[in-house]
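Residue numbers (the numbering used here), protein chains in the order written: chain A, 75 to 360; chain B, 5 to 246; chain C, 5 to 405; chain D, 11 to 340; chain E, 125 to 358.
FYI, nobody ran anything at the bench for these hints, they're computed from the structure.
Bear in mind that the values here come from a model prediction, so they are computed numbers and not experimental data.
Hints may be right or wrong, so weigh each one.
[Claimed, not checked] Using 27 angstroms as the maximum straight-line C-alpha spacing, the simulated DSS-like pairs for lysine-lysine come out as follows:
#	chain 1	residue 1	chain 2	residue 2
1	E	Lys278	E	Lys352
2	E	Lys249	A	Lys235
3	E	Lys247	A	Lys250
4	A	Lys250	E	Lys343
[What the hints assert, rightly or not] Some chain D residues flagged as far from chain A (calculated, every beta-carbon gap over 12 angstroms):
#	residue
5	Phe35
6	Val126
7	Phe132
Think of the CB as a built atom: it goes at the ideal place given N, C-alpha and C, for glycine as much as any other residue.
Okay, here's what each chain looks like letter by letter:
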Amino acid sequence: MEQVLQVLISGILSGGIYALASVGLALIFGVVGLVNFAHGEYLMLAMYIAYWIYNFSGLDPYQSLIINLAVMAVIGYITFKVIMERVLDSDHSIQMLLTLALSMVLQNLALMFWKADYRNIRIDMTNDTMNLGFLTFNTPRVLAFLIAIGASVLLYLYLQKTFTGAAMRAISQNGKAAQLMGINIKRTYGLAFVIGTTLVGLAGLLISPIYPAYPTVGASFSTLAFIVVVLGGLSSVPGAIFGGLVIGVVESLAGYFAGPAYQQAAYFLLFILVLVFKPNGLFGRS
Amino acid sequence: MILQVESVTKKFGGLSAVSEVSLEIEQGNVIGLIGPNGAGKTTLFNCINGTLPITDGKIIFDGVDITRKKSHEIAKLGIARSYQIVQPFGNMTTLQNAMVGGFCKTKIYKEAESIALRSLELVRLDHKKDLIAKHLNLGERKKLEIAKALSTQPKLLLLDEVMAGLTPSEVQEMVKIIHSINDSGVTLIIIEHIMEAIMSLSKRIVVLNFGKKIMEGTPEEVSSNQQVIEAYFGVEDGEAYA
Amino acid sequence: GGGSGNGGDSETADPFKVGAIYPLSGANALLGSQCLAAVKIAIDIVNANGGVQGRQVQLVEADAPDPTAATTEAGRLVDQQGVQVIFGSLASGNALAIAGVTEKSGVTLVESGGIADALTDSGFKNVFRILDKGGLRGAAGVSYTAEYVAPMLNIAPKDLKVAIIHEESSYGTSVADGAEKKIKELGLNLVAREHYNSTITDMSALVLKLKEAKPDVLFTVNYINDAILLVDTLKQYDAMPKVLMGCGAGTTDPNFAGTIGADSDGIFCTDMPTNLPLDVFADEAMKNVVSEFRERFRKEFPDMNNVSVAAEAAFAGSYTFLNNILPNAKTLDAEGIREAALTTKLDMTTLGFGWDLGDDGQNYAASANINQWQGGKVVTVYPDKLKNGEVINVPLPIAGQ
Amino acid sequence: MIKQLILKQNFVLWIIAVCSVIVPFVLPNRYFQDITIMTFLWAGLATSWNLYSGYCKRLSIGHAAYLGIGAYTSTLLYLNFGISPWIGMLAGGVISAIAALIIGGTTLRLKGTFFVLSTIAFAEILKVMTITSKEITAGALGLMIPYQPGFTNMIWQGKIPYALLTWIYMIIVLFISVRLEKSKLGYSLVALGENQEAAENLGVNSTRTMLVAFVMSAVLTSFGGTLFAQYVMFIEPTSVMSMGNSINFILLAIAGGMGTAFGPMIGSFILTPVSNLLRGYLVGISGLHGLILGLVLIAVLLYRPDGILPQLKLLFRYLFGKIAKPGKGE
Amino acid sequence: MLKLKNINSFYGEVQVLKDVSMEVNQGEIVTVIGANAAGKSTMISCISRTVTSFRGEIEFEESRIDSLRPDQVVERGLIQVPEGRLLFPKLTVRENLELGAFSKRSRGSRKDRLEYVYSILPKMKERANQMAGSLSGGEAQMCAIGRGLMADPKLLMFDEPSLGLAPIVVLEIMELIKNIRKEGTTILLVEQNVRQSLKLADRAYVIENGKILMEGNGKELLNSSEVKKAYLGI
Ligand SMILES: Nc1ncnc2c1ncn2[C@@H]1O[C@H](COP(=O)(O)OP(=O)(O)OP(=O)(O)O)[C@@H](O)[C@H]1O
Ligand SMILES: Nc1ncnc2c1ncn2[C@@H]1O[C@H](COP(=O)(O)OP(=O)(O)OP(=O)(O)O)[C@@H](O)[C@H]1O
Ligand SMILES: [Mg+2]
Ligand SMILES: [Mg+2]
């Protein structure tokens with residue numbers, strides 16, 4: 075029993091990070107209507123940036139958080155300006171493909187610049203644990219979870235409570251109409267893209283003390299984020315948060331009861347089951 | 005009796021968009037369907053052709069109970085409809101659009117093509133047959149809606165506001181087209197807010213309001229009915245609109 | 005390849021072309037590029053000493069992230085570039101795909117990475133493997149455990165609870181299969197066997213599951229980052245078994261101890277002999293070669309405090325072949341090379357074991373050492389011939405209850 | 011007459027497709043022949059993918075699963091029971107059809123992104139199953155086909171037979187595509203892709219149409235899987251069933267022109283050699299060829315989003331239009 | 125107040141508008157009529173800048189707006205109620221309406237405006253929480269009109285507002301337009317319902333094949349034989 079509880083909690087902790095990695099994707103999808111296959115690559119970039127800063131200045135990822143996020147925002151903005159902005163009106167398949175190509179470019183750029191080496195950040199805290207009764211928590215994972223959930227909730231509030239948020243939700247449904255409402259489409263798209271990449275960057279940064287950076291590290295997160303986002307109903311931010319937690323828990327339980335080999339299969343299976351019974355995701359509006 | 009709608013009800017949550025509506029049409033007839041906005045006209049079409057499952061009631065077409073049939077089966081049986089908000093296949097040419105309908109009753113390419121061409125001619129859109137549909141303007145798209153539906157070679161055609169957005173003289177052209185469709189033996193139910201058109205086309209008119217059928221009669225009867233005038237036509241400068 | 009340049013002036017003779025195929029992009033790019041660098045160094049050294057049969061060795065590189073690419077690239081090297089020998093290829097899958105091409109064209113493949121049994125069990129005539137088969141590596145750790153570790157723990161081998169955790173690619177699987185077979189053979193008590201994808205980001209569930217099984221010894225096959233993650237997670241949940249017996253790749257990687265620090269003291273890493281102290285080599289020339297290789301490799305990869313196992317193997321494979329085998333070949337074609345490879349016997353290669361190929365092309369002199377991390381260095385504790393330190397920390401001080 | 015034929019672009023494209031068979035014969039060595047074989051094979055595979063996803067605009071990113079089913083079925087039958095891959099290929103087709111029916115039955119009603127991602131999920135599950143059912147599939151170790159040349163074994167020493175085989179495969183799939191474009195099924199598919207409800211109202215049985223096309227696409231892909239296995243002679247789940255392969259189908263199709271019979275072929279004719287040659291000749295800096303390929307793709311997508319085919323057609327019209335003119339004068 | 129000078133507009137190689145010049149004065153109701161595909165919607169979209177492929181000058185309140193972005197045009201108070209409604213289908217009616225007041229100039233008075241819209245289009249209040257995508261054709265049209273009013277427009281351009289509306293509602297809308305004008309909003313109206321809209325108009329333009337064909341006050345045009353023949357079919 076204690077074990078199961080422990081497994082559950084470790085699942086929830088990972089789930090928080092999955093949620094954060096996914097809300098950005100949900101936002102970009104919701105606003106730009108774009109399935110961003112390069113999403114994970116931004117996570118990878120943020121991890122490398124964290125590593126760099128750590129290596130050159132000794133600032134750990136938490137201390138360099140602001141700089142790192144600023145850099146991520148700039149990178150997001152540049153990709154948007156140079157590439158995404160030009161295909162806003164294009165077919166979805168074109169946009170999707172473009173992000174695939176982009177992920178190819180970013181991965182290979184990383185490979186060229188940083189070689190294929192694994193870049194670890196070991197800070198004092200990496201293996202710290204906190205105990206609560208019989209339960210054990212790894213401190214960086216707890217921190218990551220708290221920050222991740224906090225950031226996701228902030229995003230949710232922003233979308234719900236501000237008018238820009240409302241514009242973001244409207245824009246994907248009818249771009250022309252949105253323009254006629256006085257919404258600056260490009261700026262809003264750009265904002266969503268930048269927020270999205272910054273958030274997934276934050277996720278990368280938070281896991282950098284516990285997980286090494288390497289050029290293809292983003293790929294596995296990309297697929298995972300898609301699953302999370304679809305589970306949550308595509309453009310729903312609370313859906314993505316919930317979806318992230320669900321996947322984290324399912325992965326953990328499957329790992330414990332069936333074996334780690336089945337972790338991925340388990341959440342894919344869950345995903346298919348959900349789609350069979352709720353074709354619009356758990357939080358999707360039909 | 006080609007179509008019998010027996011006490012059909014359609015609910016969306018608590019709202020009864022159509023409630024206990026019954027109507028019957030004879031082969032070759034033209035019936036007009038009018039009523040205020042949101043009265044349930046389009047919903048009734050959706051129920052008849054199987055786009056929406058009905059909550060209650062029964063629909064019999066040509067002796068076959070089609071209440072629970074899917075829309076593609078119903079199309080095969082011979083009911084076609086046009087959309088109020090046009091739904092062209094934007095990236096196909098006009099002819100290809102119509103050919104999708106043309107394949108309803110045949111598998112042979114040439115046949116489907118000639119059926120489609122004939123319906124395009126009928127709605128006078130054949131000169132634009134190779135244009136990509138998304139480049140058509142609204143009036144042409146409305147015609148395309150009809151041509152697509154006609155290509156399925158229906159016995160019963162449901163037209164939903166095909167004349168909205170046309171100038172009066174274009175309306176007259178469309179009226180002629182519809183007449184010629186009817187002359188070729190197709191039974192029609194027409195939803196329209198343009199009174200000149202509907203009055204001159206339909207033998208009988210059914211009026212819906214709040215999902216209920218409030219009356220049925222000849223155009224004259226309907227246009228002089230006080231209830232209909234108040235709910236639907238309105239009064240302009242002291243005189244009835246119609 | 006043309007005829008042998010018998011007696012020809014080394015300045016004017018055609019260069020002897022060899023190829024190297026490693027994954028230089030994609031998920032395995034890290035080790036792939038290290039292997040390539042090692043092969044380059046080997047060729048440089050050989051060329052400085054006059055080349056092969058008086059001909060300078062010329063390298064053609066190729067990048068093969070997966071077997072399909074390996075097929076195409078092998079074709080390029082063989083048919084377009086006309087190489088006679090290919091060094092490769094890190095992943096067993098790639099090796100098998102390359103063998104499919106080279107075999108048809110009578111080109112030699114010298115494999116120093118792929119350890120799948122199939123490579124030398126499939127009747128290829130011109131495929132030679134310097135390393136052990138994967139099964140051997142797994143088995144060596146188990147045998148050693150039964151014979152030496154169990155007494156240190158005061159547990160009879162048949163009561164010894166052991167578990168296997170391995171990454172699920174062909175590498176991890178074949179090593180683990182070898183280990184499992186040996187465990188059954190020796191009658192140890194196997195309480196769990198689990199595999200995972202090496203991109204796993206959280207091992208909590210795995211470790212908690214393992215904790216329930218309470219193994220005394222954990223055999224594990226990993227790549228580097230999952231190896232680190234495993235040790236970290238075991239520690240966090242206070243689930244470290246008494247003995248952690250790593251079986252290659254991840255646990256032997258120089259970055260392993262570099263990253264986890266002092267906690268690595270006492271963790272075993274069964275692998276082929278690696279980073280052997282120079283005095284193992286009796287031959288003065290070989291000492292020089294090995295130290296030159298290590299020096300140049302470190303210059304190329306300054307971040308690494310030790311040469312990686314894969315690179316050592318790639319170096320050993322290519323250097324031995326160019327320096328010891330090819331000079332014995334009557335003709336530098338498949339026939340001649342095969343004969344030389346099979347008839348040449350060496351007591352010692354730069355890997356510390358000898359060269360003695362069976363008809364299947366497998367080097368039966370290859371062995372696996374039992375190594376242990378001690379003070380951030382890999383120390384060989386078995387076999388006695390190569391040993392350069394005594395076992396420490398059994399059971400591990402960081403072992404859980 | 012001939013001029014008229016030339017002006018029909020499909021005629022020219024057919025000529026290109028058919029004449030490409032000469033290429034492996036004129037190329038100087040087996041490396042280039044190998045690239046040609048890959049080009050034919052990928053052209054066939056991308057065209058198979060296009061058969062459903064291209065026309066219906068529902069991207070499947072899980073088609074590597076069918077590639078895997080084809081490869082594994084024929085290989086396992088051959089290795090375990092000595093059954094010729096020619097028969098194994100058909101068996102793979104049957105199994106793929108069954109798999110596609112099951113998968114399609116659950117996912118085809120999903121819309122847009124939901125569908126896209128569900129295809130990934132199924133492919134990944136299949137991959138995990140293949141890895142974990144070690145007793146049957148040898149798991150991650152992969153399967154090697156012993157080199158025993160012979161027609162019944164579908165193994166040859168030289169490259170030419172493979173080139174012919176993959177070329178025939180490509181031509182067959184292409185022929186099916188072209189026929190599809192002029193058939194009820196094709197029209198129904200395209201209409202469904204544009205607007206499902208409107209199509210249904212015109213009598214299109216969407217479930218059946220999609221299932222039929224999906225199964226066709228899966229079966230043809232799995233045939234390609236058998237060819238793939240017989241050619242590379244080694245298969246392992248992680249590389250055969252990788253998402254990378256699925257993505258490659260899409261890349262080729264879109265680069266050439268998605269939803270057109272010849273687009274995927276053109277895409278493969280251009281991109282497969284380019285990416286192979288880039289990998290071969292830019293080996294010095296790891297990552298460089300991937301980077302260049304990615305950049306080229308981005309450029310194509312930004313500046314020629316319809317793919318290369320429409321450009322090519324314009325070119326034909328320009329070229330042959332000019333040729334046709336003086337003809338008129340005569 | 126609004127001036128168009130020699131507008132030429134193109135879709136690809138097809139010229140849709142040819143040297144169109146017109147103007148709308150403060151406080152007027154100006155109607156534009158014309159057959160299908162005459163270019164009416166294109167003209168309005170040029171003004172809103174959602175169509176950008178045109179040459180010529182557009183002036184609003186004495187300053188050029190022909191190089192602004194669409195949102196900047198809205199910010200000036202020049203609002204379009206587009207043809208074909210263009211609602212946000214997955215937002216509720218209320219959310220749709222609120223977005224009408226997105227621009228800075230109207231954001232502050234959003235609440236009051238919403239009440240105002242509800243009061244003149246009570247049906248919208250009834251359906252406030254329904255997804256706009258499931259509205260009936262006519263209801264959707266009302267929602268679009270309401271959304272335009274939310275923006276606190278100086279000049280409101282209607283593109284076929286009566287499309288799909290029941291006769292009684294058409295009358296109400298025409299009445300509404302009169303009232304809006306009384307409250308100080310200038311109106312540019314594109315309509316197929318030629319009779320109704322000409323009755324309402326102070327001035328009117330007839331556009332055909334992308335050219336302005338006639339110009340005059342509403343009553344005049346209504347009685348002109350050409351209009352009668354071409355557009356009323358009499
Ligand atoms: N999916 C739905 N959910 C909730 N309400 C709906 C849905 N679809 C339609 N309605 C409501 O049902 C009523 C009937 O709609 P319908 O489209 O049938 O009207 P109509 O008579 O065609 O009107 P119009 O003349 O304006 O087109 C409307 O009030 C509409 O808002
Ligand atoms: N996006 C477009 N691409 C190409 N042609 C277009 C496009 N939009 C409109 N057109 C063409 O421009 C011409 C004018 O269209 P417009 O919509 O302005 O006409 P309209 O007068 O508003 O007609 P309607 O009364 O049907 O609304 C038409 O021939 C139409 O086909
Ligand atoms: Mg309606
Ligand atoms: Mg218009």
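Now for the hints, and whether the structure bears them out:
no.	hint	result
1	E:Lys278 x E:Lys352	violated, 32 angstroms
2	E:Lys249 x A:Lys235	holds, 22 angstroms
3	E:Lys247 x A:Lys250	holds, 25 angstroms
4	A:Lys250 x E:Lys343	violated, 35 angstroms
5	Phe35	holds, 34 angstroms
6	Val126	violated, 7 angstroms
7	Phe132	violated, 7 angstroms
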